[in-house]
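Residue numbers (the working numbering), protein chains in the order written: chain F, 1 to 595; chain P, 1001 to 1459.
Think of the hints as simulated: they come from the structure by calculation, not from any bench.
All values derive from a computational prediction rather than experimental measurement.
Treat the hints with care, as some may be off.
[Claimed, not checked] Covered stretches of chain P (in silico footprint by chain F; criterion: 3 or more residues with CB under 8 Å from a CB of chain F, positions within the stretch not fixed): (1) 1343 to 1354; (2) 1414 to 1421.
[To be verified] Going by beta-carbon spacing under 7 Å, a handful of chain F positions derived as facing chain P: (3) Glu216; (4) Ala254; (5) Asn258; (6) Ser300; (7) Ser377; (8) Pro491; (9) Asn495; (10) Ser553; (11) Leu554; (12) Tyr558.
[Unchecked claim] Far from chain F by the CB rule (all over 10 Å, computed), these chain P residues: (13) Arg1087; (14) Ala1094; (15) Asn1151; (16) Glu1176; (17) Pro1193; (18) Asp1230; (19) Lys1302; (20) Gly1312; (21) Glu1379; (22) Ser1394; (23) Pro1441.
Even glycine gets a Cβ: it sits at the ideal position worked out from N, Cα and C.
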Amino acid sequence: MDTLFRLVSLQASEQQQQQSASYNSRSTTSSGSRSSSHQTNASYNYYYHSTSSGGGGGGGGGQYYYGQHHQQPYYLEPYQEECGNAHHLYMDEDFSSSSSSRQHFHSHGGGPVQPPTSSAATPTAPTPPLSTSSTAAGAAHALFEAADLSFPHDLNLDFSSPASSSGGGGGGAASSAAVGGGGGGRWASQLLLECARAVASRDSQRVQQLMWMLNELASPYGDVEQKLASYFLQGLFARLTASGPRTLRTLAAASDRNTSFDSTRRTTLRFQELSPWSSFGHVAANGAILESFLEAAAASPEPQRFHILDLSNTFCTQWPTLLEALATRSADDTPHLSITTVVSAAPAAPTAAVQRVMREIGQRMEKFARLMGVPFSFRAVHHAGDLAELDLDALDLRDGGAATALAVNCVNSLRGVVPGGARRRDAFAASLRRLDPRVVTVVEEEADLVASDADASDDGGGDTEAAFLKVFAEGLRFFSAYMDSLEESFPKTSNERLALERGAGRAIVDLVSCPASESMERRETAASWARRMRSAGFSPVAFSEDVADDVRSLLRRYREGWSMREASLDDSAAGAGVFLAWKEQPLVWASAWRP
Amino acid sequence: MLQGVLSRAPAADKAVVKPKRAPAAEEAEEEEGDGRARGKRQQLHGGGSSAAAAAEGEGPETRGLRLLSLLLRCAEAVAMDQLTEARELLPEIAELASPFGSCPERVAAYFGDALCARVLSSYLGAYSPLALRPLAAAQSRRISGAFQAYNALSPLVKFSHFTANQAILQALDGGEDRLHVIDLDIMQGLQWPGLFHILASRARRPRSLRITGLGASLDVLEATGRRLADFAASLGLPFEFHPVEGKIGHVPDAAALLGPRHHHHHRRDGEATVVHWMHHSLYDVTGSDAGTVRLLSSLRPKLITIVEQDLGHSSDFLGRFVEALHYYSALFDALGDGAGAAEEESAERHAVERQLLGAEIRNIVAVGGPKRTGEVRVERWGDELRRAGFRPVSLAGSPAAQARLLLGMYPWKGYTLVEEDACLKLGWKDLSLLTASAWEPTDDIDVAAATPRHESKET
Chain F
1 MDTLFRLVSL
11 QASEQQQQQS
21 ASYNSRSTTS
31 SGSRSSSHQT
41 NASYNYYYHS
51 TSSGGGGGGG
61 GGQYYYGQHH
71 QQPYYLEPYQ
81 EECGNAHHLY
91 MDEDFSSSSS
101 SRQHFHSHGG
111 GPVQPPTSSA
121 ATPTAPTPPL
131 STSSTAAGAA
141 HALFEAADLS
151 FPHDLNLDFS
161 SPASSSGGGG
171 GGAASSAAVG
181 GGGGGRWASQ
191 LLLECARAVA
201 SRDSQRVQQL
211 MWMLNELASP
221 YGDVEQKLAS
231 YFLQGLFARL
241 TASGPRTLRT
251 LAAASDRNTS
261 FDSTRRTTLR
271 FQELSPWSSF
281 GHVAANGAIL
291 ESFLEAAAAS
301 PEPQRFHILD
311 LSNTFCTQWP
321 TLLEALATRS
331 ADDTPHLSIT
341 TVVSAAPAAP
351 TAAVQRVMRE
361 IGQRMEKFAR
371 LMGVPFSFRA
381 VHHAGDLAEL
391 DLDALDLRDG
401 GAATALAVNC
411 VNSLRGVVPG
421 GARRRDAFAA
431 SLRRLDPRVV
441 TVVEEEADLV
451 ASDADASDDG
461 GGDTEAAFLK
471 VFAEGLRFFS
481 AYMDSLEESF
491 PKTSNERLAL
501 ERGAGRAIVD
511 LVSCPASESM
521 ERRETAASWA
531 RRMRSAGFSP
541 VAFSEDVADD
551 VRSLLRRYRE
561 GWSMREASLD
571 DSAAGAGVFL
581 AWKEQPLVWA
591 SAWRP
Chain P
1001 MLQGVLSRAP
1011 AADKAVVKPK
1021 RAPAAEEAEE
1031 EEGDGRARGK
1041 RQQLHGGGSS
1051 AAAAAEGEGP
1061 ETRGLRLLSL
1071 LLRCAEAVAM
1081 DQLTEARELL
1091 PEIAELASPF
1101 GSCPERVAAY
1111 FGDALCARVL
1121 SSYLGAYSPL
1131 ALRPLAAAQS
1141 RRISGAFQAY
1151 NALSPLVKFS
1161 HFTANQAILQ
1171 ALDGGEDRLH
1181 VIDLDIMQGL
1191 QWPGLFHILA
1201 SRARRPRSLR
1211 ITGLGASLDV
1221 LEATGRRLAD
1231 FAASLGLPFE
1241 FHPVEGKIGH
1251 VPDAAALLGP
1261 RHHHHHRRDG
1271 EATVVHWMHH
1281 SLYDVTGSDA
1291 GTVRLLSSLR
1301 PKLITIVEQD
1311 LGHSSDFLGR
1321 FVEALHYYSA
1331 LFDALGDGAG
1341 AAEEESAERH
1351 AVERQLLGAE
1361 IRNIVAVGGP
1371 KRTGEVRVER
1381 WGDELRRAGF
1391 RPVSLAGSPA
1401 AQARLLLGMY
1411 PWKGYTLVEE
1421 DACLKLGWKD
1431 LSLLTASAWE
1441 PTDDIDVAAA
1451 TPRHESKET
């Protein structure tokens, strides 16, 4: 039912839409609150137009229009002029007060964009549909600057390309690839991409038009398309008002204030119960860590101590199964296990909630270890800032002396190293190498959200328009798949899903509206992580058949649509790791590395 | 402001509102509160859709209060055009609210969403609803589907149908055996099978029966027509359907609705023309209220049946917002009582709330809402119809009896029925939700002089 919003056959309404769009703005120069009633007309005329041309039952169309407006039927037919009718002048405090707000509308990073309705905005615009001078309405519309409001013609092309599937008339070359075959109705992705392009090219009218449409269609509580529209629109809005970091702070603070141990636990556990998204990486990483520990123990005559440096913000949900496996697979004495978990957050982000949560988790972990008979110590290190600023040497990871086997677990944590000049991510991988771990497990979400290889270059990660567009499109692809998997995995009315979607929404705001040099959401592809790991002096450890079997049996517990893929040898990940795919799209990558 | 709001809160909200008079202080306390206590409270009412209703603890009440206070602060910021301040408040509202939570959480989810959309539209300077043809049909179907679910969840829809149908039957007692119903917003025509049924079971079956239905999408109208025709045929009733794609306020004259055959002759033919209109805030039905009044007075139907939402739109934005907050709090409260906690049922309720009530809230909160046209609106249709030469027909007889029967049939407690003047008012606890009324032309044919006047000049 919710995929009813399909913009696939819009070409039928190109002109009408254009027309209706035109009446959508009000002049900032309106004095007082008087204005005219075009908005009414914009919304209804379309129907009359179609009635008259389609010969429908409503009566002849011609008679609905006042005579003097017929000189240009192409534009004017859908427009019913009722000016001169005193009833249609309104006094609306809403309209007048709101119009003054548009001065807030700025472009991101650059100078202010023309206000959407500024009178100078459209020197090249087509003939405005309302040449009011020839109409009786002239006086009534004096406040209404029609010339500002014409709608970019080529937008019709953007809509009509998907309509080619519905066999449309005057469309134009189908150039947009946004329409996925079967489902259709990917209107949000299309509109969002168009909007991002308009933002990048600073076409303020088009931005205004597209954002208006998105705003009307979006809902954080609707279907996947509506949710995507809602969250990406929020990002675009923040970008255009140059308020990305502030918006993100507000969002994070609100989330933090309303996060408790229970709500976090509920969401995390429900996510694991219904989707393999997080457990996939846990199972793969645990398998690799356990095997390397047992290997170390077998090779060493002395009793071993194990230490895991956990750089993941996964609330330790990964560890109970590892503790259990360690207890059952150790022959005699279960070796001592230490876990140092580093909880890092953006410097500005409040951490009160996370600290509350981690205290509780630490107690539970210790209790569980006692239950399992695993000698255990647990430490949570709170770190403000990104991981590259973490002093690894100060962590004291060799508490058991040289015999300690160290594993470093990086689940969704490498992306928390802000990309930027000076090869920060490469440097971080190298610092892991210096710890001389037995194994490093890397789990990352598969998306190419670093603007360019310029991460390595000097431009600070690239906040150019081209970079913005690339990240926007890739973020849209990735979060579409993510939201889609959530939608299909969770029941329709789930607060846990809502919490996960809001988390994604914050990441989207970060990606779309915040400078790359402050972003902790810049995921990279397996190929680039593998390249970084290799150049830091690591080589990949293949997952054993046992581990692969564990992953496969894990996936069988979930709904259809999930699969495991070996990284193929021909891509540049060069055979490292395995992917979790949703509907054939690889979305999570798990890998293991040793020096 | 807040004091005023609190004292005006409907019964449904009183439990929430009573405990403290100073929500700001409460809020501060809450924020100091320790994590575990908060966690416990969240557990009480989070997760399950009905948990909050059962929870007696302070949690939901505190949260309800915080949400109320945040919504009002945000609305005040919007009213004062302080959009940056409003934006700062929206994330907190969204985090606290949930469309799957307790009644205050659900209401706040939709009001928060509506404020968010309004703020963005104010920045954009773009206030119209989207009017695209493919959307019109899709939206019609979507709304129709939700209305069917609503019909099952709440007596509001049936109340409208039953009451109007009874009024129509009463009006037919004059002896006409030809009936023409003009439904100003027919949607799926859910109302009419009930009327057909009664007409077919009467001793004197109608000689002709036709319905003229107005709507935004010809496809949907035609599908409605086919369904109604099938149903009429199964009862052996003669039936014609005329779809009119468009809005009543733009229909040029009565002839366009009556059809050429019947024009000027319809009264002599013994055909009773009845106009029916069930109000909502999902979209603008009339196109032009003034045009609608003009048309009704020239049409001079034998009867006009109207079901209005008891939701004023006349005040400024803040007044409108506060009134709608009360209205929908009661409506959500009523739905929460009616729907069970089972997964399927709560999904159904969610669909109704999101597609109908949430959409209405968006329109009401929007600039120029709920019609979102900026056009002058008729605030009280009764007054306007009086001026146009109509007088009220009492619904105290069988319509009231039917409505009482209906409310008795449903297991839900809390709905009330009040006869006031000639109208029937359906309420939830002590807040009136819907008013049904019926109107007939006055005898003096001085209609031409009855120029429509307008109550309200703004939104």
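**Q.** Beyond 10 Å from each Cβ of chain F, as asserted for P/Gly1312
**A.** P/Gly1312 clear of chain F: closest Cβ-Cβ about 15 Å, beyond 10 Å.
Q: Would you settle whether the hint for F/Asn258 is holds or violated, based on the nearest Cβ-Cβ distance to chain P being less than 7 Å?
A: Holds, because the Cβ-Cβ distance from F/Asn258 to chain P comes to roughly 4 Å (cut-off 7 Å).
Q. P/Glu1379: least C-beta distance to chain F exceeds 10 Å?
A. About 13 Å separates P/Glu1379 from the closest Cβ of chain F, which puts it past 10 Å; holds.
Q) Is it correct that the beta-carbon of P/Glu1176 has no partner in chain F closer than or equal to 10 Å? A) Answer for P/Glu1176: holds, closest chain F Cβ roughly 24 Å.
(Q) At 10 Å, judged by beta carbons, does P/Asn1151 keep clear of chain F as stated? (A) At about 16 Å from chain F, P/Asn1151 clears the 10 Å cut-off, so the statement holds.
Q: With a cut-off of 7 Å on the beta carbons, see whether F/Ser377 makes it to chain P.
A: 24 Å, violated
Q) Since P/Pro1441 was said not to touch the interface, does its Cβ keep a gap of more than 10 Å from each Cβ of chain F? A) Consistent with the label, P/Pro1441 stays out of reach of chain F, its closest Cβ about 23 Å off (over 10 Å).
Q.
Just want to verify: P/Arg1087 was marked as not at the interface with chain F; is every Cβ pair farther apart than 10 Å?
A. P/Arg1087 is in fact no farther than 10 Å from some Cβ atom of chain F, at 7 Å.
Q.
Is the claim that P/Ala1094 lies outside the interface with chain F correct, judged by CB distances over 10 Å?
A. Violated, since 7 Å does not exceed 10 Å.
Q. Given F/Ser300 was flagged as interface, is its beta-carbon under 7 Å from a beta-carbon of chain P?
A. With a minimum Cβ separation of about 42 Å from chain P (threshold 7 Å), the hint on F/Ser300 is violated.
**Q.** chain P contact restraint for F/Asn495 - C-beta distance below 7 Å
**A.** The hint holds - F/Asn495 has a Cβ within 7 Å of chain P, the shortest such distance being about 5 Å.
Q) P/Asp1230: least C-beta distance to chain F exceeds 10 Å? A) The claim holds: P/Asp1230 sits with its nearest Cβ about 19 Å from chain F, beyond 10 Å.
The structure does not agree with the numbered hints 2, 6, 7, 10, 11, 12, 13, 14 stated previously, though it agrees with the rest.
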